[in-house]
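Take the sequences, apply the hints, and build the full model.
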Amino acid sequence: MSRGYLYVLFFTAIFLQAGAYGLTFMLPRLFDSFGADEKVVGSMLFATTISTIVTVYFSGHLSDYFGRQRTLSGACIAISVSLLLYGFVDVVGISLVVASLLLGFGWGLTYSLGPVVLSRLVNADMRVRFFTLLSVFVMAGFGLSPVLAAVLEGAGFSVRHAFFVTAALCIVSAILFLFLDRPIKAHAINPRAELPSRITRAALSGVIASRSFLPIMMICLGASVFAGMINFQTVFADARGLNYASFFLIYTITVVVFRLILSRFKDGTNPYRTIAVLLYVMCVSVVIFIFSGASFPLYMLVAVLFAVGYGISYPLLVTVTANDAEEHLSAQTLQLFALTYFIGIFGFPVCVRSDWR
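Per this note's numbering, the very first residue in the sequence shown carries number 55; after that it's consecutive.
Possibly wrong hints are sitting among the right ones.
Distance windows between CB atoms, simulated [stated by the list, open to error]: (1) Y59 <-> A209: 28 to 38 Å; (2) L275 <-> R255: 20 to 30 Å; (3) D91 <-> A178: 42 to 52 Å.
The hints are simulated quantities; they were obtained by calculation from the structure and are not laboratory data.
Glycine included, every Cβ here is placed at the ideal spot set by N, Cα and C.
Here it is in structure tokens:
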């Protein structure tokens, strides 16, 4: 298999399973169909948060035992089962808890191990390009799944069908990851065996003492803002009489376009300055959103600015984290990056959840 074909299949697998992440933003709508409110959503996301944190911590242990690609394949199967449970459930109970735990398990593995696998395939000076492409396919899957849900609802189906369709796509992704096991090992930049990936006390201390710890903390804060803006966007939109699908569509298109532009460049001379400017843009978008009311043009402006601010800073943060990591701690560093990301994504909504209706 050629290296180019390998990248195509790898990014396709990433894209197909990424829709599950976008469907978490449809949980308020799904839960409303059987009488549950945003507090229940917050509780389920709390279960997902715990599962994700534990899974990311032990993702290195699992990948050391099963292999990274096999672990990714198993993660996609777990996500598929989770989405099927969400789609079939019609009452608050143990099935929702199991679905939430499986979702955290699957996403903890795919988000932490995906960049680790990719880092073995590209040189350091090409990481901006390929980590950006990785985030493009993740964002495309994430952003288009709520749009898929809206299209299905418009065609007379329910939001549940979006969960069923995405579950099937995750199975395809699982097959692709399993198929790519040998080709990825054959095309690795460093032909030596994979270094241990498990997080130990010594590895954790090494990461905290390294330069990579700064972007790790930055992504936690950025992910918290992202979760605050996106996680209950359907509720925000309904309360203001706006169309949430338009927000997700414009946000996704903007992120994908600007990340594709970014993928044409290599590392700049001062990536942290660029990241700072982008985070300021993100903050401006949040301020505009607070005061925009029911204005559709301002709503779209917020989507564009937030996409530029957060959407472009994310792949840059992944890149500087990988580049600033100690070589023997590269896998652990990227896993901790994913860990703090999920703490922000899932933990922040739990901290601030309230009944907005």
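A quick look at each hint next to the structure:
A hinted range of 28 to 38 Å holds for the C-beta pair Y59 and A209, which are about 35 Å apart. Roughly 25 Å separates the CB atoms of L275 and R255, a value that falls within the hinted 20 to 30 Å. In this structure the supplied range 42 to 52 Å holds for D91 paired with A178, their Cβ-Cβ distance being about 48 Å.
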